[in-house]
Amino acid sequence: MKSFGGEVIFLDRSDINTDEIIPARYLTEVKKEALKPYLLEDLEIDGFDLKGEKLQRAKIVVSRENFGCGSSREHAPWAFEVNDINIVIAESFARIFRQNMFNCGMMAIELAKEQIDSLFALSAKGDVLAEVDFAGKKISFKVAGEALTLDFALNEFDAALVEAEGWVGYADSKY
Amino acid sequence: MPQNIADKIFAAHLKDQPFAGTNVLSLDVVMCHEITTPVAIADLEYRGMDRVFDPTKIKAVIDHVTPSKDTKTAIQAKILRDWARRHDIKDFFDIGGNGVCHAIFPEKGFIRPGYTVIMGDSHTCTHGAFGAFAAGVGTTDLEVGILKGVCAFRKPASIKVVVEGRLGEGVYAKDVILTIIKELTVSGATDHVIEFVGSTIDNMSMEERMTLSNMAIEAGGTCGICLPDAVTLDYLWEFVADDYDNDKEKALADFKQWHSDEGAEYAKIIKIDAAAIEPVCTVGYKPDEVVALSTQQGMKVDQIYIGSCTNGRLSDLHAAAKILIGNKLAPGVRGIVSPATPKIFDEAMKDGTMDIFRQAGFCVTNPTCGACLGMSNGVLAPGEVCASTTNRNFVGRMGRGGMVHLMSPASAAAAAVKGELCDPREFI
Ligand code: SF4
Chain P
0 MKSFGGEVIF LDRSDINTDE IIPARYLTEV KKEALKPYLL EDLEIDGFDL
50 KGEKLQRAKI VVSRENFGCG SSREHAPWAF EVNDINIVIA ESFARIFRQN
100 MFNCGMMAIE LAKEQIDSLF ALSAKGDVLA EVDFAGKKIS FKVAGEALTL
150 DFALNEFDAA LVEAEGWVGY ADSKY
Chain Z
53 MPQNIADKIF AAHLKDQPFA GTNVLSLDVV MCHEITTPVA IADLEYRGMD
103 RVFDPTKIKA VIDHVTPSKD TKTAIQAKIL RDWARRHDIK DFFDIGGNGV
153 CHAIFPEKGF IRPGYTVIMG DSHTCTHGAF GAFAAGVGTT DLEVGILKGV
203 CAFRKPASIK VVVEGRLGEG VYAKDVILTI IKELTVSGAT DHVIEFVGST
253 IDNMSMEERM TLSNMAIEAG GTCGICLPDA VTLDYLWEFV ADDYDNDKEK
303 ALADFKQWHS DEGAEYAKII KIDAAAIEPV CTVGYKPDEV VALSTQQGMK
353 VDQIYIGSCT NGRLSDLHAA AKILIGNKLA PGVRGIVSPA TPKIFDEAMK
403 DGTMDIFRQA GFCVTNPTCG ACLGMSNGVL APGEVCASTT NRNFVGRMGR
453 GGMVHLMSPA SAAAAAVKGE LCDPREFI
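Heads up: the sequence lines are chains P and Z, in that order. Each step along the first sequence adds one to the number in the numbering used here, with nothing skipped, and position 25 is 24. To convert, count from 1 in the second sequence and add 52; that's the numbering used here.
No wet-lab data here; the hints were simulated from the structure. A hint or two may mislead.
[Said to hold, decoys possible] List of simulated lysine-lysine pairs, PhoX-like, C-alpha gap at most 25 Å:
id, chain 1, residue 1, chain 2, residue 2
1, P, LYS30, Z, LYS130
2, Z, LYS121, P, LYS30
3, P, LYS1, P, LYS124
[What the hints assert, rightly or not] Just so you have them, the derived chain Z footprint on chain P, three or more residues with Cβ under 8 Å:
id, region
4, 98-106
5, 164-173
Using N, Cα and C, we set each Cβ at its ideal position, and we do this for glycine too.
Required output: the full structure, derived from the provided sequences and hints.
Below, the structure is given as structure tokens:
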């Protein structure tokens with residue numbers, strides 16, 4: 000399994016699309032690692048600093064609705080993966096992006112709007128650290144002495160993909 | 053229990069249900085292009101699994117950047133080309149014979165009613181126009197499709213969109229789908245299949261239906277399906293006549309098996325009055341930000357792009373040419389037209405359509421995705437504006453800092469002549 004957990008970066012907008020996550024001009028790369036410097040290059044939202052330390056340190060993304068809409072490019076999860084970000088948490092995901100995440104053994108976790116709101120409220124207090132308990136399906140968010148633990152749900156197939164580190168290994172052994 | 057068309061296709065292709073709600077389907081067609089496939093090929097090689105499940109069910113094309121523009125894209129093309137040769141994939145289309153995937157594959161008769169189709173491309177939903185379940189997937193799903201001929205899906209619920217009545221003059225399939233996306237929003241159909249029905253759809257050609265289905269993903273839809281009928285059959289006849297002993301009735305009866313049953317379940321039903329649809333365009337960076345073109349008068353444009361898997365087919369070129377005939381591009385406006393396939397190009401040359409574009413001052417490119425995704429030709433400079441017949445207006449899509457207004461070919465042609473956005477009915 001991949002390693003999950005660490006510092007959280009908050010992207011406060013709905014409908015963040017895969018062109019913003021990794022622009023088409025980098026799709027000529029055949030190696031995942033080459034995408035590393037270009038993650039979120041075209042994303043423009045208030046308070047988001049592309050060149051900032053926060054993005055460098057982040058291991059988890061928290062965002063709003065319909066995350067990862069648009070193009071089917073798996074370069075979007077890869078751009079996160081090569082930057083050591085293996086979890087995106089949002090209110091909802093576009094189908095292809097969500098599937099691509101699990102297909103790579105990464106996690107796209109859906110939480111209710113109120114829960115996402117409370118995470119954004121936490122982020123106002125400082126840098127948020129998250130610990131992930133995959134077996135117990137819990138994530139603890141910690142900031143400035145405060146902690147918030149939330150349960151998450153994965154369907155069985157998605158959990159199996161995370162454990163198998165992706166769909167290729169799973170499918171090859173089965174079909 | 054009554055079933056809709058997506059239910060029926062799922063049931064007919066179900067290979068495994070490893071967990072409740074997870075459906076592993078067998079695939080009839082796996083389509084490949086040179087942007088998302090080379091990484092899948094490289095990974096298969098790395099794993100020592102460089103095999104294909106069935107070379108006759110794999111279709112491949114170099115279309116996004118062709119001819120190659122630099123070393124990197126030349127390598128991508130070469131990986132796909134070498135792989136197609138190595139595995140004896142006969143349906144591979146290269147320079148001179150290549151065109152935009154979602155235009156050339158249907159044109160070759162590869163898609164049939166009831167089929168399951170995947171491709172590493174989000175606009176694979178286009179092929180739902182033939183009554184198939186066709187979904188865009190990422191590279192890993194594509195990789196497993198190539199290797200095993202299967203793909204896993206959660207069973208999508210369906211949204212029925214009923215469009216009734218006659219479209220007004222100057223109003224096209226593009227205006228219909230943009231109006232639908234406005235209503236559904238960019239996420240309104242996520243994890244759903246959109247089923248397009250009603251008299252307006254019945255009266256549409258396959259080219260128009262492909263324009264509709266093409267943009268299902270812009271509302272988040274997994275696929276956009278039209279029910280296969282006599283129009284579908286006419287389009288496919290040269291490819292399927294033998295299968296049905298030259299008997300159209302027999303073919304139609306077979307197509308009918310896929311039609312949604314009376315009383316089938318839908319998550320939502322939306323009704324649209326065709327007569328009320330106006331020529332529209334997008335503003336901003338989301339395809340659901342749709343407004344009537346009549347409200348955008350005076351918005352200046354720098355570039356016109358007519359092409360893509362949405363609107364680069366012959367009837368699209370004809371609709372634009374009808375407005376361009378005897379007119380010229382407004383001063384300072386650049387026009388690019390990219391017929392979506394060699395066949396469309398040839399036909400547009402023969403029937404004089406290309407002359408009209410040339411006389412209006414348009415640049416004619418080879419069939420390719422081109423400006424649509426700003427990867428090869430037709431890239432905008434920061435601050436520039438394009439009236440485009442493509443399907444995505446995301447920030448940076450046609451070049452960093454550029455603005456793309458999506459619209460029908462007629463509306464784009466009207467903007468070309470006027471130099472600003474306008475209602476195409478001014479030219480009728
Ligand atoms: S024309 Fe544009 S949307 Fe269609 S396949 Fe090519 S890049 Fe994608």
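How the hints compare with the structure:
A distance of roughly 15 Å separates the Cα atoms of LYS30/P and LYS130/Z; the hinted pair therefore holds under the 25 Å criterion. A hinted pair counts as satisfied when its Cα atoms are at most 25 Å apart, and LYS121/Z with LYS30/P qualifies at roughly 19 Å. At roughly 29 Å between alpha-carbon atoms, LYS1/P and LYS124/P are farther apart than 25 Å, so this suggested pair is violated. Counting residues of the region 98-106 of chain P whose C-beta lies closer than 8 Å to any C-beta of chain Z gives 4; at least three are required, and the coverage claim holds.
Coverage of the region 164-173 of chain P by chain Z holds. Counting CB-CB distances below 8 Å, 6 residues qualify, and the rule asks for three or more.
This entry does not satisfy hint 3, going by the numbered hints stated previously; all others are met.
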